[in-house]
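S.K.: All chains, full assembly: derive it from the sequences and hints.
Chains A and B supply the protein sequences, listed in that same order.
Under the numbering used here, the first sequence has 100 at position 113, and the numbering climbs by one with no breaks.
Under the numbering used here, the second sequence has 309 at position 322, and the numbering climbs by one with no breaks.
A couple of the hints might just be wrong.
Repeated chains share a single entry, so a pair holds when one copy, or any two copies, can fit it.
[To be verified] Each computed DSS-like pair below joins lysine-lysine, with the alpha-carbon atoms no more than 30 Å apart: (1) Lys90 to Lys257; (2) Lys257 to Lys195; (3) Lys319 to Lys263; (4) Lys263 to Lys71; (5) Lys319 to Lys90; (6) Lys60 to Lys160; (7) Lys160 to Lys226; (8) Lys263 to Lys90; (9) Lys226 to Lys60; (10) Lys195 to Lys226.
Calculated from the structure, these hints are not laboratory results.
There are 2 protein chains.
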Amino acid sequence: MPQLTLAYETWGTLNADHSNAVMILTGISPSAHASSSELDPSEGWWEPMIGPGCAIDTRRNFVVCINSLGSCKGSTGPDSINPKTGRPYRLAFPEITIWDVAKAAQWVLNHLGISQLRMLVGPSMGGMSGLAWLAQFPRGARHFLCISSAAYAEPFSIAIRSLQREAVVSDPKWHHGDYTAQSWPENGMRLARKLGMISYRSAREWRKRFGRQEQNRIKPKLYGMNYTVESYLENAARKFVASYDPCSYVYLSRAMDWFDVRDGHGSLAKALSRIKLQSARIIGVESDILFPLHQQAELAAAFAANGVDSKLLELPSEQGHDSFLVDYQRFKPATRAYFKEVLAGE
Amino acid sequence: MPQLTLAYETWGTLNADHSNAVMILTGISPSAHASSSELDPSEGWWEPMIGPGCAIDTRRNFVVCINSLGSCKGSTGPDSINPKTGRPYRLAFPEITIWDVAKAAQWVLNHLGISQLRMLVGPSMGGMSGLAWLAQFPRGARHFLCISSAAYAEPFSIAIRSLQREAVVSDPKWHHGDYTAQSWPENGMRLARKLGMISYRSAREWRKRFGRQEQNRIKPKLYGMNYTVESYLENAARKFVASYDPCSYVYLSRAMDWFDVRDGHGSLAKALSRIKLQSARIIGVESDILFPLHQQAELAAAFAANGVDSKLLELPSEQGHDSFLVDYQRFKPATRAYFKEVLAGE
Chain A
-12 MPQLTLAYET WGTLNADHSN AVMILTGISP SAHASSSELD PSEGWWEPMI GPGCAIDTRR
48 NFVVCINSLG SCKGSTGPDS INPKTGRPYR LAFPEITIWD VAKAAQWVLN HLGISQLRML
108 VGPSMGGMSG LAWLAQFPRG ARHFLCISSA AYAEPFSIAI RSLQREAVVS DPKWHHGDYT
168 AQSWPENGMR LARKLGMISY RSAREWRKRF GRQEQNRIKP KLYGMNYTVE SYLENAARKF
228 VASYDPCSYV YLSRAMDWFD VRDGHGSLAK ALSRIKLQSA RIIGVESDIL FPLHQQAELA
288 AAFAANGVDS KLLELPSEQG HDSFLVDYQR FKPATRAYFK EVLAGE
Chain B
-12 MPQLTLAYET WGTLNADHSN AVMILTGISP SAHASSSELD PSEGWWEPMI GPGCAIDTRR
48 NFVVCINSLG SCKGSTGPDS INPKTGRPYR LAFPEITIWD VAKAAQWVLN HLGISQLRML
108 VGPSMGGMSG LAWLAQFPRG ARHFLCISSA AYAEPFSIAI RSLQREAVVS DPKWHHGDYT
168 AQSWPENGMR LARKLGMISY RSAREWRKRF GRQEQNRIKP KLYGMNYTVE SYLENAARKF
228 VASYDPCSYV YLSRAMDWFD VRDGHGSLAK ALSRIKLQSA RIIGVESDIL FPLHQQAELA
288 AAFAANGVDS KLLELPSEQG HDSFLVDYQR FKPATRAYFK EVLAGE
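M.R.: Below, the structure written as structure tokens:
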């Protein structure tokens, strides 16, 4: 590719010896705007976690969040203009992997003059990107906070993502990627997002939150949109459909399926053996069906097998995979405690 | 409706006092052909369970399986010809409920001269229909074998079915129900069935069965159909898409969402209080995410609260909701034991 742009945002100040950097790699959909700042006072996607005095304390840490390569939130992706044609790449965009997403993040760190992170933070797909980054830059971070992620994609998650992509690409308005603002694969994206929500949350949460409650806000469609859970999904999908590029979605979704940090190694422990972390904290949520707890346990054990001070933190959050975006009551103290421990040890 | 047809099949012989009848109500998709017979030697959908010497022993029981009202396997449904127009009803078919499905089943029993069943067997949606039937005909059965079902739909299951229906009705070939064999909502039905498979099986089963195994049988589509789990879903969907009527699917799917046997009663125990069963066995599967175990437990407890000899049987099957169609190693002995107990007590 002739050129690449990577969108990132920072909070706090890089100290003199550049030793207080924290990099956040994101899930599939968020932008680099993890928190508000003077330049952009709008609320970030992880607002309660990042700021002065917050769990990720910007008075003591220089925090950088990077929009993934292939995304559509400022970094180069299928939606970017192909300089050769003057039009968006779309399906002419090269197939990218989680390894590429990780490599691209390193360019931002190079640009900022950061040679080693105090802490790498990776929730969801960001944890996969984090692992791919650590495998490529084994001395790149001293500590790793991995949240609701996985060392490789399992078939249940592949099945869900496969179906999401199929919903998008079987929408007649997909036009093999040549959709326009006037002819957008909205139905496919809406189905994909609703399936996303089903896999991101939990049956237990919905049982309490919605039960069999009926709704009256959205006009019933065929056979009605009788239940609150249905209008909840509809609202969530409407927000997403207009704001995310379908090609980016397909590319990054597939990149997650392909990801297996064990590739070329016999086992997970071997794959992680070169990584020189001081510590790792692997947070998993009991109700997460997309990145299930046993994958977090496996990851924590593999780091421990390599002599890393590695611990699994099982949180009993009810909001499934999305808990890190919702259950701040649990995620704030867990994150704060880890940072406190890390800073105390410096 | 001017006329109704109900498809049913029977096995075994009704005894002199008509006391050995067993009625099977089915899940959303099966026909009345639960097992092979002289008239139709083809394999039935529950073949290993029904026959001479089988768990449901046709030497001692007169077994009748009824295709649900609204289905497309012989019973009147949206696909049937509307005598007023000479064309299929489709969306002109009246909205039906699980209560209607149950009521229709009673017509078959009346026709056969059966006033009380020895045993009612209801897996999946069939358990819902069974409960609706018992609530309407409280002395209609002496024993009830309820398998992987529920007394009411919960929001997680509603969400999944809602999305399945949306996939079908947002297919441009849906044509508000006026699809033809030449223009069939195949994409929507395929998506719906794949989502069905995701909700019918379990992550644990697929982890062992498929892992990250790659496939080479089906030509990769956009971004490939790289993994065996994807071709498995594709094969399952292809079989279904051509053989099930989209309107029937939408009607019966919604009927399940609507179902709540508690309607008009304060509690599940009150709703079941008029039912005069001698015993109930509620089988649930630990890995079932669509009709989760806690719903079986609630049902077993509600029968017990009404003085019925009611027991919950938790099976550790790995195949999720579909286990009753797959894990015969567990379902055969459980069913056989219950019948043995019932016959011993007569």
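S.K.: Of the hints given before, which are not true for this structure?
M.R.: When the structure is compared with the hints, only number 4 turns out to be violated.
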